[in-house]
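Chemist: One letter stands for each residue in the lines below.
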Amino acid sequence: MSAQALMTLKLRIWRQKDAQSAGRMEEHELSGISEHMSFLEMLDFLNEKLTREGKIPFNFESDCREGICGSCSLVINGIAHGPGKAKATCQLHMRSFKNGDTICIEPWRAAAFPVIKDLAVDRSAFDRIISAGGYVSVNVGSAPEGNSIPVPKNVADYAFSSATCIGCGACVAACKNASAMLFVSAKVSQFSVLPQGQAERKSRVQNMVAQMEREQFGACTNEAECSAVCPKEIPFENIVRLNREFIRSNFSPSEFE
Amino acid sequence: MLNLDSKCPTGDIETRWTRHKFNMKLVNPANRRKHSIIIVGTGLAGASAAASLAELGYHVKSFCYHGSPRRAHSIAAQGGINAAKNYKNDGDSIHRLFYDTVKGGDFRSRESNVHRLAEVSVNIIDQCVAQGVPFAREYGGLLDNRSFGGTQVSRTFYARGQTGQQLLLGAYSSMMRQVGLGQIDLFTRREMMDLVVIDGQARGIITRNVVTGEIERHSADAVLLATGGCSNVYYLSTNAINCNVSAAYRCFKRGAGFANPAFMQIHPTCIPVSGDYQSKLTLMSESLRNDGRVWVPKQPNDRRLATQIPEAERDYFLERRYPSFGNLVPRDVASRNAKMVCDEGRGVGPTKEAVCLDFADAIKRMGQEKIAEKYGNLFEMYQRITGENPYEVPMRIFPAPHYTMGGLWVDYNLMTTIPGLFAIGEANFSDHGANRLGASALMQGLADGYFVVPYTLANYIASTSIKPVSPQVGEFSDCASDVQKRIDKLFAVKGPKPTTDFHRRLGRMMWNDVGMSRTKDGTQKVIGSIGKLRQEFWSELRVPGDAHNANTSLEHAARVADFLEFAEIVALDANARDESCGGHFREEFQTPENEARRDDEKFSHVAVFEYQGENKPVIRNQEELKFEYVKPSQRSYK
Chain U
1 MSAQALMTLK LRIWRQKDAQ SAGRMEEHEL SGISEHMSFL EMLDFLNEKL
51 TREGKIPFNF ESDCREGICG SCSLVINGIA HGPGKAKATC QLHMRSFKNG
101 DTICIEPWRA AAFPVIKDLA VDRSAFDRII SAGGYVSVNV GSAPEGNSIP
151 VPKNVADYAF SSATCIGCGA CVAACKNASA MLFVSAKVSQ FSVLPQGQAE
201 RKSRVQNMVA QMEREQFGAC TNEAECSAVC PKEIPFENIV RLNREFIRSN
251 FSPSEFE
Chain D
1001 MLNLDSKCPT GDIETRWTRH KFNMKLVNPA NRRKHSIIIV GTGLAGASAA
1051 ASLAELGYHV KSFCYHGSPR RAHSIAAQGG INAAKNYKND GDSIHRLFYD
1101 TVKGGDFRSR ESNVHRLAEV SVNIIDQCVA QGVPFAREYG GLLDNRSFGG
1151 TQVSRTFYAR GQTGQQLLLG AYSSMMRQVG LGQIDLFTRR EMMDLVVIDG
1201 QARGIITRNV VTGEIERHSA DAVLLATGGC SNVYYLSTNA INCNVSAAYR
1251 CFKRGAGFAN PAFMQIHPTC IPVSGDYQSK LTLMSESLRN DGRVWVPKQP
1301 NDRRLATQIP EAERDYFLER RYPSFGNLVP RDVASRNAKM VCDEGRGVGP
1351 TKEAVCLDFA DAIKRMGQEK IAEKYGNLFE MYQRITGENP YEVPMRIFPA
1401 PHYTMGGLWV DYNLMTTIPG LFAIGEANFS DHGANRLGAS ALMQGLADGY
1451 FVVPYTLANY IASTSIKPVS PQVGEFSDCA SDVQKRIDKL FAVKGPKPTT
1501 DFHRRLGRMM WNDVGMSRTK DGTQKVIGSI GKLRQEFWSE LRVPGDAHNA
1551 NTSLEHAARV ADFLEFAEIV ALDANARDES CGGHFREEFQ TPENEARRDD
1601 EKFSHVAVFE YQGENKPVIR NQEELKFEYV KPSQRSYK
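Protein chains in written order, with my numbering: chain U, 1 to 257; chain D, 1001 to 1638.
No lab work stands behind these hints, which were simulated from the structure alone.
Any given hint could turn out to be false.
[Stated by the list, open to error] Each computed DSBU-like pair below joins lysine-lysine, with the alpha-carbon atoms no more than 30 Å apart:
#1 LYS153(U) / LYS1034(D)
#2 LYS1497(D) / LYS10(U)
#3 LYS1497(D) / LYS1467(D)
#4 LYS1494(D) / LYS55(U)
#5 LYS1364(D) / LYS85(U)
#6 LYS1638(D) / LYS1602(D)
#7 LYS85(U) / LYS1370(D)
#8 LYS55(U) / LYS10(U)
#9 LYS1532(D) / LYS49(U)
#10 LYS1007(D) / LYS1253(D)
[Said to hold, decoys possible] Simulated DEER-style distance windows between Cβ atoms:
#11 GLU213(U) / LYS1467(D): 44 to 54 Å
#12 ASN154(U) / GLY1182(D): 37 to 47 Å
#13 GLU213(U) / LYS1352(D): 53 to 63 Å
#14 LYS1638(D) / CYS104(U): 57 to 67 Å
#15 SER1633(D) / ASN154(U): 41 to 51 Å
#16 GLU213(U) / SER1036(D): 28 to 38 Å
#17 GLU29(U) / LYS1088(D): 30 to 40 Å
Glycine residues also receive a C-beta, built at the ideal position from the N, C-alpha and C atoms.
Only chain U is shown next, with the shape it has when bound in the complex:
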């Protein structure tokens, strides 16, 4: 491999002590960045430098660093998870940038996701939505034999692609209304097509939508910014299904047709 030039970047990063304090952008120049670094490794590199200089590093969330845990959550140059399609922040590499670039790094911004510190936000609202209905009520021990519930392959594949949601919240961050409809629609879609999800099909969508509203997420105005940034490319059509499921449940709110 040829010796590659190292980049120097100007970083503008959100600094906020805690949920109560006001935040501001802080500028740092950082050199010695390889194109093979991941974006988060570039931030690690900055944080190590700040630590050596006796300064305070930036707080950001990450864990698996392979795009599946949903911890990482940065708005990079105005785009949730940064440039490129179908990836979380941790899967963004510095080869997407060039020497001399200015990069603006901010947290998810939504009333339902209060800032914890710097770039880390509290997304427990998503857990509360799942807790309200994002499950099949089946106690351990009462499950029938697996193959007694056949699921046509195309249905299983559809359910799977909805179930791949990593709960990162980029959909909310990208939406001007901070709507959580894509997140809710992914779970509702998964269960509404599967035989296992039928018993609670109506109460599930009612309860999840009600909780979503309690959490101060906004409404959907059909701009599809959510799908555009979704690391798992959950299709916007899922929101159509969510609306349909919701309306259906309003017409006959009991589990009986």
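Starting from the structure of chain U, add chain D where the hints point.
Modeler: Just chain D now, kept in the frame of chain U:
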């Protein structure tokens, strides 16, 4: 001396678990709500245990350091989960899964535990299907299976390359349902800092709220540790960057035996290291070895690109050396062989520390579309990280630390040597011996949480006198003040170096001397080096900020402080075990064909380390292993 009575039932192995279940005591449904259970960790083991215990009616307190239980590292498991369903009609059975697992573990696991695991494997699939986990299906709507390393049957259930995610979301949803019902109190963003032992029983934990910095006390009737593995002792591993040994190590320091710390799994198919700044390694699922062929050039120092090396000049070394298992040999065997060919100078890529995983033949045979359907997300992941297209050029892969077979010692009831402290999932040691087979970690995590610990915990509660305890008593105060002192001590060093400096250096030492291949000398010397590094840590560390709000630097420093002590025990175990078995390969002990040579006379035992106090040497205890059903033999995958 630790009491290492395994409490395994005797007699016919097929009825041991059934008989044991009947002999265990039960807790009356009306009494269950009076008992509170702390569960630390919300991965497959922790979430499944929390859900099933809450469903039974216990009052569960669940803790994780993540912002949400769904972010636990089980989420990243790719390939699949084994179960002895025999849906493929290819000769699978509970006994075969049991046999494969004991043999795959190189005869260093307990037969009773492994048989139970194989038995409940079939219930796990049923449970997950009922939860709505979208497993891969055949066109007829029934469940699909694929093969994994170390077996000759197809028993692996999967959800594309995201099986761990789907199983975890299943367990998480069951758990969140119980949170909604008020059966589980969920404490996120809490790091377990210590275990509180009162009158010899585990009665609570001290946590740090990682947002406010508050040191908190939580009491319960029993504590379940589901805190995963500790491959991050190598710094670079496939684990999430926050995975750590601290919770388990703190329990060790409070009297829990730590078993087989040297049994580390180095996974053969990971994306190779590309630079010093690297923060973690990414696994490429073992399922890729179903269709990918592993090779290196026949000649050392071949500088050509992989696609320019003609067929006749390639060495498909796994197919050549192991004709019957080929590319599907167990992980330890595949990893060691990759290292061997790289040591001969036949590695590929810029660092020469990689081998090719080639899909050209599979694409020719099945077409690119079929390959994309099976492995599409893995191929994308590879391309994103390396900038190379694996549909066109062979992947480059190299082994990386992945899983710890060792862990807290537990008896058949999954209880540690501290009464009331249970360890489940990767945090315990019990089922995988010296090497874990692919798709068995998910199986074990869910087996422990859904189907084992709900019974054995009830037995403990029903048969033990557990007095009420307030978190204000002296033991809690002492423990909380120990925690505070440790935190203060980290800040007080005020040196010039960030924690990562030390973690990286520790990782390099461990990888070089206690990694894929070990020697008596190397493991001896590294113990001294670790000690020196530890001294340097405590004189040159800098932890920026303070302890009164979110401070990830502090969290990392506290974990690395524990890794720096734990690493020494790993090296001690590797040094003492004068044999090669599974993932533990001591260069002095190999057959003329470079295969691992066990010493069943001297080492057919579990090594269990016991803490004796600051500046006192740890004691190595032994639990002898008996094999009545799978006769130990030299493993052969030829």
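Chemist: Give a verdict on every hint.
Modeler: Hint by hint, here is what the structure shows:
Our distance criterion of 30 Å between C-alpha atoms is broken by LYS153(U) and LYS1034(D), whose separation comes to about 45 Å. Pair hint LYS1497(D) plus LYS10(U) holds up; C-alpha atoms about 24 Å apart against a cutoff of 30 Å. Between LYS1497(D) and LYS1467(D) the CA atoms are separated by roughly 47 Å; this puts the pair beyond 30 Å, and the hint is violated. Taken as a hint, the LYS1494(D) and LYS55(U) pair is honoured in the structure, with Cα atoms around 13 Å apart against an allowance of 30 Å.
Pair hint LYS1364(D) plus LYS85(U) holds up; C-alpha atoms about 29 Å apart against a cutoff of 30 Å. For the hint linking LYS1638(D) to LYS1602(D), the alpha-carbon distance of about 26 Å falls within 30 Å, and the restraint holds. For the hint pairing LYS85(U) with LYS1370(D), the CA-to-CA distance comes to about 23 Å; that is within 30 Å, so the pair holds. Restraint check for LYS55(U) and LYS10(U): the C-alpha separation of about 18 Å stays at or below 30 Å, so the hint holds.
Between LYS1532(D) and LYS49(U) the alpha-carbon distance is near 24 Å, which keeps this suggested pair within the 30 Å criterion. Distance check on the hinted pair: LYS1007(D) and LYS1253(D) sit about 24 Å apart at the alpha-carbon level, within 30 Å; holds. For the pair GLU213(U) and LYS1467(D), the supplied restraint of 44 to 54 Å holds, since their beta-carbon distance comes to about 46 Å. A hinted range of 37 to 47 Å for the beta carbons of ASN154(U) and GLY1182(D) is consistent with their spacing of about 39 Å.
Distance hint check: the CB atoms of GLU213(U) and LYS1352(D) are about 58 Å apart, consistent with the given range 53 to 63 Å. Separated by about 58 Å at the C-beta atoms, LYS1638(D) and CYS104(U) satisfy the suggested range of 57 to 67 Å. For SER1633(D) and ASN154(U), the Cβ-Cβ distance of about 46 Å falls inside the hinted range of 41 to 51 Å, so the restraint holds. For the hinted restraint 28 to 38 Å between GLU213(U) and SER1036(D), the CB-CB distance of approximately 33 Å keeps it satisfied.
Between GLU29(U) and LYS1088(D) the CB atoms are about 59 Å apart, so this pair departs from the stated range of 30 to 40 Å.
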